[in-house]
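**Q** Start counting at 1 in the sequence shown, then tack on 33, and there's your number in this note's numbering.
There may be inaccurate statements among the hints.
To be verified - Here are the simulated DSS-like cross-link-like pairs (lysine-lysine), alpha carbons at most 25 Å apart as the crow flies:
#1 K246 to K114
#2 K188 to K348
#3 K390 to K271
#4 K45 to K416
#5 K114 to K41
#6 K41 to K271
#7 K344 to K114
#8 K151 to K246
#9 K296 to K114
#10 K45 to K248
#11 K390 to K111
#12 K348 to K271
#13 K296 to K416
#14 K45 to K111
#15 K416 to K188
#16 K190 to K271
#17 K41 to K296
#18 K111 to K296
#19 K344 to K271
#20 K188 to K114
#21 K157 to K296
#22 K41 to K157
#23 K45 to K271
#24 K248 to K190
#25 K188 to K151
To be verified - Between beta-carbon pairs, the in silico distance windows are:
#26 V137 to A355: 18 to 26 Å
#27 G464 to F438: 39 to 47 Å
#28 L431 to E295: 49 to 57 Å
#29 K111 to L460: 56 to 64 Å
#30 E369 to V241: 39 to 47 Å
#31 I386 to A66: 17 to 25 Å
Simulated from the structure, these hints should not be mistaken for lab results. A quick note: this is a predicted structure, and the numbers were derived from the prediction, not measured. The beta carbon of each residue, even a glycine, is placed where N, CA and C say it ideally should be.
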Amino acid sequence: MEIKANYKSILKIALPLILANLVGGVGQIIDTAFVNRIGENELNGTVIGAMVWMFFAFILLGFSSYVQRLIAKKIGEKNNKGVGEIIDNVVVLGLFLFLFIMIVFSAIRIKGLELMIKDPEIIKYAFVYLDVLIYSLPIAICVSFFSAFFSAMGKTKVITYSVVSYIIVNLILDYLLIFGNFGFPALGVYGSGIATVIALFFSALTYVSFAYKYKLIANYNLFTFKALNTTTLLEIAKKSTPLVLQNLFHTLAYWIFFMMIEKMGSSELRVSLIIRSLYLFLCLPLFGLGRAINTIISNMIGRGDYENVYKAVIKSHQVSLAVSVLLGLLILLIPELLLNIYTTDQALIQEAIPILKIVLVSIILFSISTVNTNIIIATGETKFVFVIGVISVLSYLLFAYLAIFWWESSITVVWLSDWLNWSVFTLLSTGYFFVWKRKQSKIRQFS
Numbered sequence: 034m035e036i037k038a039n040y041k042s043i044l045k046i047a048l049p050l051i052l053a054n055l056v057g058g059v060g061q062i063i064d065t066a067f068v069n070r071i072g073e074n075e076l077n078g079t080v081i082g083a084m085v086w087m088f089f090a091f092i093l094l095g096f097s098s099y100v101q102r103l104i105a106k107k108i109g110e111k112n113n114k115g116v117g118e119i120i121d122n123v124v125v126l127g128l129f130l131f132l133f134i135m136i137v138f139s140a141i142r143i144k145g146l147e148l149m150i151k152d153p154e155i156i157k158y159a160f161v162y163l164d165v166l167i168y169s170l171p172i173a174i175c176v177s178f179f180s181a182f183f184s185a186m187g188k189t190k191v192i193t194y195s196v197v198s199y200i201i202v203n204l205i206l207d208y209l210l211i212f213g214n215f216g217f218p219a220l221g222v223y224g225s226g227i228a229t230v231i232a233l234f235f236s237a238l239t240y241v242s243f244a245y246k247y248k249l250i251a252n253y254n255l256f257t258f259k260a261l262n263t264t265t266l267l268e269i270a271k272k273s274t275p276l277v278l279q280n281l282f283h284t285l286a287y288w289i290f291f292m293m294i295e296k297m298g299s300s301e302l303r304v305s306l307i308i309r310s311l312y313l314f315l316c317l318p319l320f321g322l323g324r325a326i327n328t329i330i331s332n333m334i335g336r337g338d339y340e341n342v343y344k345a346v347i348k349s350h351q352v353s354l355a356v357s358v359l360l361g362l363l364i365l366l367i368p369e370l371l372l373n374i375y376t377t378d379q380a381l382i383q384e385a386i387p388i389l390k391i392v393l394v395s396i397i398l399f400s401i402s403t404v405n406t407n408i409i410i411a412t413g414e415t416k417f418v419f420v421i422g423v424i425s426v427l428s429y430l431l432f433a434y435l436a437i438f439w440w441e442s443s444i445t446v447v448w449l450s451d452w453l454n455w456s457v458f459t460l461l462s463t464g465y466f467f468v469w470k471r472k473q474s475k476i477r478q479f480s
């Protein structure tokens, strides 16, 4: 499929990917909305468990982002055999990835949470939820890579069907298993985890069904494992690792951030946990848009269509900013409704609203950063994503530390650190693109 540098192409690819990226977020919002009716400790435990899950999901995102770039580039080159080779090697890499995540999870299981949360009841419910969800990782890996495959091909409607199946199944099973309706056992938080795992399985099944329907297995020589290539495996691992490390480093920074906030008091920690979960959910459409840009730029580079790359970048930024403005309007118009998903404590909601308005600006900055990040991934310079990610995160943590321990600021001021984080990332990543553009112009001039 030839992708053009216009709004129609961007939106055609982006809208289903935005929906796809909402899978995990919508699932957690549904879980949270239902669990909120059981009790506060159960709710807080589920929110914490979901955050730990997103920690591992970002590992998958790092790998699938680069895999998507490779597939889109091969499709731009019209190299179907090369697509099959990448997928087969990714399956093998995915197995090693699952083992790595399980080792990390085992290492940080209890002690990791105890560094941030002192309440044993919250920790208990976090692991009631997470101990079920963690074993769905092989399914999540399958969903992540299939999503990258269909995205790179431009068959993004399939992603929409997968998302719809996930949401419907999760919604129904949450209603049945959390409260024990229609004769089902009332499993509470545990039932919420089971519902999410089964819904994820249906999402994966949808992808497999469409792969057979479109005869993609045969056309792209998928799952033959005849072309396992050490060079390809090493390239994927080498180029994906900086993205994985950058995602992990960013997530680790949030854990450190919450550990520092806990020193301010339990109320500040509760508010921050709620804001973080809602913030992540609101950013999910922008993650999806970023993946679309990855596909578009990688496809153009594969075709050698460098002239239109700059046009695609400008239009992508415009679309991303428009989406962030819509998200900002949600925050301005219905802040209490958004926060009511997590808590009915009016004092806590009123404390959270000023921080939510800070997040509004963060989302706009993030909309620029996510476009820039995926442009850099599409060019293959993943190490640079890691470098600027580390610089921005360190500046973010430094500001938070000074605000909490030196200036003794309010929690609202502490959250201003997020502005610094994305401002630094935006400036450095924008600078990279202009350098890359100049470099490509010189290469074409002398070629």
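**Q** Please go over all the hints and tell whether each is borne out by the structure.
**A** Hints versus structure:
Straight-line distance between C-alpha atoms of K246 and K114 comes to about 19 Å, which keeps the hinted pair within the 25 Å bound. Our distance criterion of 25 Å between C-alpha atoms is met by K188 and K348, whose separation comes to about 21 Å. Using a Cα cut-off of 25 Å, the hinted pair K390 and K271 is violated, with the two alpha carbons roughly 39 Å apart. A C-alpha spacing of about 30 Å is found between K45 and K416, which places the hinted pair above 25 Å, so the restraint is violated.
A C-alpha spacing of about 29 Å is found between K114 and K41, which places the hinted pair above 25 Å, so the restraint is violated. Distance check on the hinted pair: K41 and K271 sit about 34 Å apart at the alpha-carbon level, beyond 25 Å; violated. For a cut-off of 25 Å, the pair hint linking K344 to K114 is broken: about 30 Å separates their Cα positions. Taken as a hint, the K151 and K246 pair is broken in the structure, with Cα atoms around 51 Å apart against an allowance of 25 Å.
The suggested pairing of K296 with K114 is violated, with an alpha-carbon distance near 56 Å, which exceeds 25 Å. In summary, the hint linking K45 to K248 is supported, as the alpha carbons are separated by about 22 Å, within the 25 Å threshold. Taken as a hint, the K390 and K111 pair is broken in the structure, with Cα atoms around 46 Å apart against an allowance of 25 Å. Restraint check: the Cα-Cα separation between K348 and K271 comes to about 31 Å, which exceeds 25 Å; the hinted pair is violated.
Between K296 and K416, the direct Cα distance comes to roughly 35 Å. Violation of the 25 Å bound is thereby established for this hinted pair. Between the alpha carbons of K45 and K111 the distance comes to roughly 21 Å, so the proposed pair stays at or under 25 Å and holds. Taking the CA atoms of K416 and K188, the gap is near 29 Å; set against the 25 Å cutoff, the hint is violated. Our distance criterion of 25 Å between C-alpha atoms is broken by K190 and K271, whose separation comes to about 31 Å.
Taking the CA atoms of K41 and K296, the gap is near 49 Å; set against the 25 Å cutoff, the hint is violated. The straight-line distance between the Cα atoms of K111 and K296 is roughly 56 Å, outside the 25 Å bound, and the hint therefore fails. Of the pairs offered as hints, the one joining K344 and K271 is violated, with about 30 Å between alpha carbons and a cut-off of 25 Å exceeded. For the hint linking K188 to K114, the alpha-carbon distance of about 18 Å falls within 25 Å, and the restraint holds.
Only pairs whose Cα atoms come within 25 Å are accepted, and K157 paired with K296 is accepted, the gap being roughly 21 Å. Taking the CA atoms of K41 and K157, the gap is about 48 Å. The hint is violated against a cut of 25 Å. Taking the CA atoms of K45 and K271, the gap is about 31 Å. The hint is violated against a cut of 25 Å. Between K248 and K190 the CA atoms are separated by roughly 16 Å; this keeps the pair inside 25 Å, and the hint holds.
Proximity of K188 to K151 is assessed by CA-CA distance (about 46 Å); at most 25 Å being required, the pair is judged violated. For V137 and A355, the Cβ-Cβ distance of about 37 Å falls outside the hinted range of 18 to 26 Å, so the restraint is violated. As the Cβ distance of G464 to F438 is approximately 32 Å, the hint placing it in 39 to 47 Å is violated. Roughly 18 Å separates the CB atoms of L431 and E295, a value that falls outside the hinted 49 to 57 Å.
Distance hint for K111 and L460: a CB-CB separation of about 38 Å, inconsistent with the stated range 56 to 64 Å. Checked against the given bound of 39 to 47 Å, the beta carbons of E369 and V241, roughly 42 Å apart, stay inside it. Between I386 and A66 the C-beta distance comes to about 20 Å, which sits within the given range of 17 to 25 Å.
Comparing the model with each earlier hint shows violations of hints 3, 4, 5, 6, 7, 8, 9, 11, 12, 13, 15, 16, 17, 18, 19, 22, 23, 25, 26, 27, 28 and 29; every other hint is respected.
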